[in-house]
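Protein chains in written order, with the numbering used here: chain A, 1 to 368; chain B, 369 to 736.
The hints are simulated quantities; they were obtained by calculation from the structure and are not laboratory data.
As the structure is a prediction and not an experimental result, all values here were calculated from the model.
Backbone N, C-alpha and C fix where the C-beta goes; we use that ideal spot for every residue, glycine too.
Hints are supplied without guarantee of correctness; some may be wrong.
As the list claims (entries may be wrong) - Partner residues aside, some chain B positions facing chain A, computed with beta carbon under 8 Å:
| no. | residue |
| --- | --- |
| 1 | W522 |
| 2 | K543 |
| 3 | T551 |
| 4 | H553 |
| 5 | G554 |
| 6 | L708 |
| 7 | T711 |
Claimed, not checked - For each label pair, taking beta carbons as the anchor points, the in silico distance ranges come out as:
| no. | chain 1 | residue 1 | chain 2 | residue 2 | range |
| --- | --- | --- | --- | --- | --- |
| 8 | A | T145 | B | V395 | 48 to 56 Å |
| 9 | A | V196 | B | G676 | 36 to 44 Å |
| 10 | A | Y214 | B | T663 | 15 to 23 Å |
| 11 | A | E307 | B | L644 | 25 to 33 Å |
| 12 | A | G29 | B | D652 | 19 to 27 Å |
| 13 | B | R458 | A | D279 | 33 to 41 Å |
Stated by the list, open to error - Which bits of chain A does chain B cover? Going by a derived footprint, with three or more residues having C-beta under 8 Å, they are:
| no. | region |
| --- | --- |
| 14 | 47–60 |
| 15 | 94–103 |
| 16 | 251–257 |
Okay, here's what each chain looks like letter by letter:
2 protein chains.
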Amino acid sequence: MNHAAPALDPRADILDLTRQIIDIESVSGNERALADAVEAALRAHAPHLRIERDGDTVLARTELGRDQRVLLAGHLDTVPVAGNLPSSLRTRDGVEELVGRGSCDMKGGVAVFLQLAVEAAEPDVDLTWIFYDHEEVAAADNSLTRIAREKPQWLEADFAILGEPTSAGVEGGCKGTMKLEVTAHGKAAHSARDWVGENAIHALSPVLERLAAYEARRAVIDGLEYRECLNAVAISGGIAGNVIPDRASATLNYRFAPDTSPEQAEAHVREVLAGLPVDIEVTDSAAGALPGLDTAPARAFLEALGEGVRIDAKQGWTDVARFAALGTPAVNFGPGDPLLAHTDDEHIPVADLAACRTALRRWLGLEA
Amino acid sequence: MNHAAPALDPRADILDLTRQIIDIESVSGNERALADAVEAALRAHAPHLRIERDGDTVLARTELGRDQRVLLAGHLDTVPVAGNLPSSLRTRDGVEELVGRGSCDMKGGVAVFLQLAVEAAEPDVDLTWIFYDHEEVAAADNSLTRIAREKPQWLEADFAILGEPTSAGVEGGCKGTMKLEVTAHGKAAHSARDWVGENAIHALSPVLERLAAYEARRAVIDGLEYRECLNAVAISGGIAGNVIPDRASATLNYRFAPDTSPEQAEAHVREVLAGLPVDIEVTDSAAGALPGLDTAPARAFLEALGEGVRIDAKQGWTDVARFAALGTPAVNFGPGDPLLAHTDDEHIPVADLAACRTALRRWLGLEA
């Protein structure tokens with residue numbers, strides 16, 4: 001490191017550590033200072049880890065020769081700041097809340113993982129800790145894409161835990177997601193003489209009709225219910241106020257259960273729109289992740305958490321799908337309500353930090 | 369006039385005069401040089417006219433005490449130039465064409481009117497000639513709006529002829545036009561959890577469905593068929609690729625027959641969309657114009673033109689509606705195909721110029 005990094009104290013109270021991490025601004029593309037601080041903290045406080053730096057990603061792992069290896073990962077970056085830094089504390093309706101960009105997505109999870117990476121010197125399973133950059137941007141820029149390509153051995157594990165916000169519950173797997181552009185073509189004409197044209201906006205009518213009437217599948221996998229969603233998330237068309245438009249298009253977003261491949265998902269959307277005179281093009285897709293809750297390391301994790309912990313399906317796509325693609329069952333587990341991610345009022349209940357920390361410590365045998 | 373205007377020779381061959389007028393560029397807002405030239409030509413060559421200048425509009429009239437007065441009007445401005453100036457001549461498929469911005473809309477008509485204003489020194493009816501500015505822009509900026517307000521006596525007439533392109537046929541009256549914004553509201557949500565939101569784009573589905581199924585009325589008035597049109601000319605909605613949008617809107621354009629008032633037109637659109645949970649707002653409207661072909665001066669005009677002249681309804685809105693609003697029946701009559709107006713390849717058949725000129729001369733008793 002050629003420049004001074006703000007110091008992090010991984011042995012501080014978990015709330016203090018979380019605030020230290022939040023207050024190092026790290027909007028996607030600007031993660032270096034935080035990566036430096038995380039790396040410095042690990043090098044200073046976790047001699048039991050093999051540590052490697054890759055761009056603005058910090059990789060660390062125990063090499064104890066255990067039978068199983070669990071990977072815990074959290075991204076360092078956030079979406080743009082919205083006047084919500086530095087962090088602050090408040091009490092609302094009797095609940096103490098930590099407020100600030102990244103508190104929920106997902107520096108609370110990063111703080112818990114960083115503290116446990118330092119504390120868990122002799123775990124029963126080998127542990128891999130990944131603090132990575134560029135998650136809140138295009139998938140191709142996500143540093144896990146690079147790590148998987150260049151250092152795949154760092155992602156090898158029997159089970160993975162991603163610190164995405166789950167309100168300190170467990171959210172298993174995730175749905176896949178696909179974007180499709182549906183385009184209708186017509187024939188331009190003056191809007192006072194529409195009979196010589198064909199209105200492309202009107203031609204989208206049956207597309208919207210089928211979407212509005214669509215009944216989405218609910219898939220139950222390992223006891224978790226994944227509710228599919230098929231929606232138009234954008235629509236556009238029109239040339240001028242006096243012209244019948246010759247082109248109109250809708251952007252569809254299909255969120256499909258993790259038992260469905262992107263190929264099957266595309267075929268399904270084409271079936272939903274079958275017979276309509278529109279062009280359909282897939283512009284983006286990512287497979288989901290099966291929860292894998294019946295695997296041995298997942299069962300051990302859930303047992304350690306205890307009865308009181310909520311277990312649900314993860315509806316939104318997360319990087320757990322990257323681990324699933326490598327054959328590693330993965331769950332999301334972190335402080336904060338995922339619905340507050342990216343909002344201007346991003347915050348977490350302070351109690352979620354301790355709840356996550358205690359649960360993971362119990363699983364790692366650090367807690368009575 | 370404080371500056372030199374390019375000279376126009378209103379006694380030149382009609383093709384030459386048209387080219388002179390086209391070659392004085394006069395995109396809306398830049399009409400002064402052309403208005404100066406028209407005014408100078410009238411002052412030099414038409415001592416029988418009372419001439420007045422108002423902004424960049426040139427007003428002229430005979431004051432012969434005739435029983436009837438006919439108003440002939442043409443706008444001086446054009447839409448922006450598209451590399452199609454100066455004018456040029458070409459022959460395609462054996463047809464000689466005059467090419468250039470404004471040739472069709474509507475400097476051909478202006479040239480014919482300017483020439484006749486000079487030639488018709490002793491017409492059987494009194495004549496008012498208006499060469500006006502700012503037609504191709506917002507109605508409020510159209511100089512006829514100002515003339516009607518400040519000098520309404522200049523618009524008084526028993527019949528009006530507007531030199532808009534009609535391929536040298538007569539197009540009577542015009543349909544009205546109305547724009548409406550139709551907005552659907554929903555509830556935003558993450559697109560992986562659509563059940564907690566309401567998709568506003570999907571809520572536009574029944575709107576498009578009714579528009580697509582709409583059977584437009586055909587109104588026959590004075591033997592002319594006005595075909596109504598109701599269309600979505602624009603549609604928009606969408607917040608982000610992963611968000612269920614809480615707002616979507618369509619812009620509708622309703623072109624209604626001239627026997628229908630704007631109030632009736634609005635009521636009709638509201639009836640078409642009755643029962644749908646959308647907001648409907650009229651953002652712009654203009655009444656149409658009845659053709660008035662059964663009035664005495666109109667009959668005299670049509671008789672003079674002779675049997676060979678095509679007589680149709682005008683489908684697009686034109687300034688004839690302004691005269692209709694003053695109680696003056698009005699028709700469109702000018703060289704060029706209206707479908708070529710505003711196009712990059714704007715042009716007219718050269719023969720249309722002579723056809724319009726000869727027909728009007730016959731009506732004015734200048735032709736055998």
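Beta-carbon spacing of R458/B to D279/A - inside the hinted bounds 33 to 41 Å or not: The hint (33 to 41 Å, Cβ to Cβ) holds, given that R458/B and D279/A are roughly 38 Å apart.
Cβ distance range 36 to 44 Å for V196/A and G676/B, holds or violated: For G676/B against V196/A, whose Cβ atoms are near 25 Å apart, the range 36 to 44 Å is violated.
Cβ contact check, 8 Å cutoff: the region 251–257 of chain A against chain B, three residues minimum: holds (count 3)
Agreement of hint K543/B with chain A interface, Cβ distance less than 8 Å: holds (6 Å)
Hint check for L644/B and E307/A - Cβ pair distance inside 25 to 33 Å: violated (50 Å)
C-beta pair Y214/A, T663/B: status relative to the range 15 to 23 Å that was hinted: violated (58 Å)
When the least beta-carbon distance from T551/B to chain A is tested against 8 Å, hint result: It is violated, given that the least Cβ distance between T551/B and chain A is near 13 Å, above 8 Å.
D652/B and G29/A - C-beta distance against the hinted 19 to 27 Å: Given a distance of about 45 Å, which is not inside 19 to 27 Å, the answer is violated.
Stated coverage of the region 47–60 of chain A by chain B [criterion: 3+ residues, CB within 8 Å]: violated (count 0)
Hinted contact H553/B with chain A - closest CB pair below 8 Å: With a closest approach of 15 Å, the H553/B hint is violated.
G554/B as an interface hint toward chain A, with CB separation required under 8 Å: violated (10 Å)
Proposed interface contact between L708/B and chain A, which counts if any beta carbon pair is under 8 Å: violated (11 Å)
When the structure is compared with the earlier hints, violations turn up for hints 1, 3, 4, 5, 6, 7, 9, 10, 11, 12, 14 and 15 and for no others.
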